Structure formats: structure tokens, C-alpha cells
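Number of protein chains: 2
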Amino acid sequence: MKDQAQTLDDIIHNDTIFRDGSLVLEAGCGVGAQTKIITRKNPHSNFISIDLSEQSLKEGEKLAETLKITNVKFQQADIFNLPFEDATFDSVLVCFVLEHLSDPMQALHELLRVLKINGTLITIEGDHGSTFFYPDSQMARRAINCQVVPQKQDGGNSNIGRELYPLLHAAGLSDIEVSPRVVYVDAGKPELVEGFIKNTFTAMIEGVGNNAVAQGLIDRADFDQGIKDLCRTTQPDGVFSYTFFKGFGTK
Amino acid sequence: MKDQAQTLDDIIHNDTIFRDGSLVLEAGCGVGAQTKIITRKNPHSNFISIDLSEQSLKEGEKLAETLKITNVKFQQADIFNLPFEDATFDSVLVCFVLEHLSDPMQALHELLRVLKINGTLITIEGDHGSTFFYPDSQMARRAINCQVVPQKQDGGNSNIGRELYPLLHAAGLSDIEVSPRVVYVDAGKPELVEGFIKNTFTAMIEGVGNNAVAQGLIDRADFDQGIKDLCRTTQPDGVFSYTFFKGFGTK
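Line order of the protein sequences matches chains A and B. According to the working numbering, the residues represented by the first sequence are 1 to 251, in order. According to the working numbering, the residues represented by the second sequence are 1 to 251, in order.
Heads up, a few of these hints could be off.
To be verified - DSSO-like cross-link-like pairs, simulated, lysine-lysine; straight-line CA separation at most 27 Å:
| no. | chain 1 | residue 1 | chain 2 | residue 2 |
| --- | --- | --- | --- | --- |
| 1 | B | 58 | B | 73 |
| 2 | A | 228 | B | 152 |
| 3 | B | 68 | B | 58 |
| 4 | B | 152 | B | 41 |
| 5 | A | 152 | B | 228 |
| 6 | B | 62 | B | 36 |
Unchecked claim - Below, a sample of chain B positions facing chain A; criterion: calculated Cβ distance under 10 Å:
| no. | residue |
| --- | --- |
| 7 | 129 |
| 8 | 136 |
| 9 | 149 |
| 10 | 163 |
| 11 | 177 |
| 12 | 179 |
| 13 | 180 |
| 14 | 186 |
| 15 | 190 |
| 16 | 243 |
Worth flagging that the hints you see were computed from the coordinates, not collected in a lab. Being a predicted model, the structure only gives us computed values, none of them experimental. All C-beta atoms, glycine included, are put in the ideal place defined by N, C-alpha and C.
Start from the sequences, fold in the hints, and give me the full structure.
Now the structure itself:
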């Protein structure tokens with residue numbers, strides 16, 4: 001009756017598996033946080049990991065070197081204007097990227113252009129609106145909104161996870177399968193209490209505080225209380241739940 | 001890479017399995033909606049299904065008779081004052097009941113009294129605060145609150161799902177495992193679009209409308225718009241997500 005202990009990587013990447021010999025495009029790799037997972041899970045596939053930021057790519061390259069990962073090439077490129085021929089890749093992976101784009105559909109069309117017929121597109125996105133916790137706290141919810149609102153003002157969408165199915169459908173993919181990947185944390189999962197609630201989610205929200213206060217979205221005292229209430233959910237009687245979504249589709 | 005098609009029953013009861021020969025108490029069986037599932041999944045266990053309402057029990061008995069279910073006995077009883085000796089049952093199941101109680105801990109203590117040492121308690125509860133959908137709608141969220149608020153006024157808790165771990169822990173159970181059971185619905189799951197979004201969730205919310213309007217919680221027009229917006233999520237580009245929680249613990 002027991003679940004196996006799961007890490008965040010297991011929850012979102014357990015089935016990020018490519019056929020041996022695949023050429024895979026990872027679009028928007030940043031500093032390689034996902035690259036280091038998927039390249040090692042798929043040692044017999046080759047990856048081209050692109051990002052707009054040269055600086056991020058340098059960090060990704062350094063990481064790959066340190067970890068002795070040899071099946072990836074980092075390359076500077078614009079997701080809206082990819083420097084690849086049509087139908088170059090067996091698979092395309094786009095992870096935590098669409099949420100930042102004002103026109104995710106345009107990016108999907110460009111990604112599909114470079115994907116082979118019958119190739120698979122995989123996309124993984126979070127959904128801040130899926131967050132709930134115990135004890136509940138209005139201030140914590142307001143602090144989370146300090147990331148949601150500015151991201152929306154910048155044309156992004158912190159709640160894009162729930163939209164993956166309609167997006168992939170509208171992009172013209174077939175055999176679409178979207179599934180929720182719930183990171184549910186209680187005291188029975190100590191590694192996620194530290195690793196996810198504290199070091200991942202709350203740290204990320206904490207990072208938007210200065211900007212949100214400067215923008216007048218929230219008072220400093222309220223924001224700090226929200227962060228404190230998020231940390232409160234890491235106590236032994238606390239609970240936290242966040243849902244990522246993962247979509248597969250075939251060109 | 002594909003999920004198997006799942007019904008709501010699969011999602012919440014796939015692992016409601018008792019050892020052959022078990023005597024199981026189902027507390028708060030109502031009209032037998034869960035009874036008919038669990039008795040047939042466990043043909044070599046015997047069930048005593050209790051409820052406070054004689055009327056509900058009669059309907060449960062009729063249902064069991066129609067379905068030729070013979071391994072259950074229905075009995076009128078109060079969950080706070082059970083007519084059973086200590087340590088009578090191998091397992092106890094309590095499903096969609098704690099949400100209605102102003103003192104769920106008192107009920108858990110009484111259920112644990114009649115459970116044998118090393119016996120298993122299983123509890124399943126919903127969490128209305130886990131609901132999110134696309135397109136999002138403030139009116140739909142307000143309509144859902146028309147069930148949450150009166151239930152709270154009555155001493156219940158529509159968001160109790162997230163509290164199962166701390167509740168089972170405080171009740172003194174060991175080997176506690178709580179897991180989210182997400183009912184995620186998109187157009188790729190047509191049976192859940194009709195069966196869950198429309199006939200289960202929205203129908204349930206629709207049922208509280210008259211009372212909520214009479215109480216002044218919401219205008220009729222706003223409530224109706226909320227219901228319309230919930231129904232809107234059943235369109236081909238709509239998405240709906242609701243999370244039940246299931247907890248196992250050992251006495």
C-alpha cells in the first residue's frame with residue numbers, strides 16, 4: 001500500500017525517456033538544471049540544448065563538464081527562430097519555458113517545424129494556481145501572487161500547466177497525453193519538505209519579494225508573513241501540494 | 001508513455017484491498033455508493049456498513065440486493081458511539097465522512113477503539129480548495145465557495161483532504177501514508193468529462209445554489225454564471241482538476 005519515496009526529478013522525469021540513437025532538442029535549457037537529468041537518463045541519445053542566454057549556456061557547459069556528460073551540445077538560439085532545418089529532431093523537450101513566453105503557440109509551431117514527422121514533443125510546466133497547503137494562509141497566497149502578477153504583466157503565465165492540453169491540441173499535435181505531476185509533501189516525506197517546500201518553492205517566492213514590494217504589490221511586512229506561513233507548512237503537522245503538468249504529443 | 005484510462009472509482013479505490021477473511025467496518029456508508037465498489041473488490045472479506053440514517057441504510061440494502069452483494073451487513077450506528085467491542089475489526093474504512101464532522105478526531109478515536117492492534121484504517125476525503133480549471137473563472141470559484149462556507153458554518157471542512165496526514169498522526173496511527181488522488185480531466189478523457197465534471201462535481205455544486213442564494217451568500221445571477229463557467233470547462237479546450245486524498249494508517 002506504500003508509495004515509493006519520490007524526488008522531484010522522479011516525479012517529472014520518470015518517463016522522459018527517448019529511443020536509443022535519438023537526436024533531441026532541449027529548448028530553453030537555462031543553466032542545465034534539466035539537462036543534467038535527462039542526458040544521464042538517456043545515455044544513448046544525443047542532445048542539443050539551446051538557450052537565448054550565452055551566460056546560462058556557459059554555466060550549463062561547465063556543469064556538463066564537471067559531471068562528465070558527453071552526449072549534449074549547448075548552442076545559443078532563439079526559440080522563435082531556430083537555426084535548424086525542418087524535421088531535424090526525433091524529439092523536442094521544452095521544460096519550464098512556455099510559462100515565460102507571451103506567445104507560447106508561436107514557439108510550439110517553431111519547435112514542431114524542426115521535429116520529424118511522428119516525432120514526440122514533451123513539455124513540462126508548473127501551475128502556481130494549483131498550490132495549496134496546510135495550515136492555509138491568505139498571506140502566503142498573496143506572497144505567491146507576487147510572482148504570478150508580475151509574470152502576467154511581462155506576458156507570461158504562471159498557471160500555464162493546466163493549459164498544456166489545449167495548447168498542444170491547438171498546435172496540431174496528435175496522441176496528446178497530459179498528466180498532472182503532483183508534488184505532495186507531508187512529514188512522511190522529509191526529503192521533499194526541505195528540498196521542495198523550503199529550497200525550491202519558498203526560495204523562489206522569496207526571490208520576488210523586493211520587486212513586489214518596490215512595485216507596491218504588497219507591504220514588506222505582509223510579504224514576510226507570507227513567507228513565514230509558507231515555511232510553517234514544513235512543520236511536522238504541515239502539508240504542501242503543487243502540481244506540475246507534463247504533456248506528450250506526436251507530430 | 002500513456003496513462004491507462006481511469007475512472008473515479010479506480011483513482012480512489014484501486015488499492016482499497018483487504019486481506020481475505022477480513023472483517024471490515026465501513027463507517028458512514030450513506031446509500032452504499034462506496035459499499036458497492038469495495039464489497040465487490042473484496043469478495044473474500046466481510047463488511048459491516050454503518051450509517052446514522054435508517055433511510056440511507058434502506059437504500060444501501062436495496063442496492064446490495066439488486067447487485068446480489070452478500071458480503072455486507074448494514075447496521076444503524078453512531079460513529080461517535082459504536083455498538084462494537086474494542087478490537088473487533090481487521091480494518092476500518094471511512095470515506096467522505098470526516099469532512100462533515102465538527103470533531104473528526106473524536107470519530108477517529110472511536111474508530112480506532114474498535115480496530116484490532118495492527119489493523120489498518122483507511123480514510124478518503126476530498127478537498128474543494130484543490131479545485132482548479134481552465135478557463136479559470138472567479139464566478140465558478142465563488143459558486144464552489146457556496147458549498148465550502150455553509151459546510152464550515154455547520155462545523156464541517158470541505159478542505160479536509162489536505163489535513164489527513166496531520167489528523168492520522170494526531171490520532172496516534174503509525175506507518176501513515178497519505179497520497180493525493182487527482183481527478184485530472186481534459187478532452188482526452190471523455191468519460192470523466194461527463195462523469196466527473198458534469199454529473200459529479202458541477203451537479204453537487206448546483207445542488208447548494210438555492211440554499212446559498214437564500215442565505216445571501218451570492219446572487220442568483222452570479223451563481224448561475226458560476227455553474228455555466230464550470231460547465232464551460234467540459235468543452236474540448238477545457239480542463240478540470242480536483243484532488244482527493246487517501247490515507248492509510250496502522251493501529
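Each hint, compared with the structure:
no.	hint	result
1	B:58 x B:73	holds, 11 Å
2	A:228 x B:152	holds, 26 Å
3	B:68 x B:58	holds, 15 Å
4	B:152 x B:41	violated, 34 Å
5	A:152 x B:228	holds, 26 Å
6	B:62 x B:36	holds, 11 Å
7	129	holds, 5 Å
8	136	holds, 7 Å
9	149	violated, 14 Å
10	163	holds, 5 Å
11	177	holds, 5 Å
12	179	holds, 6 Å
13	180	holds, 5 Å
14	186	holds, 4 Å
15	190	violated, 13 Å
16	243	holds, 7 Å
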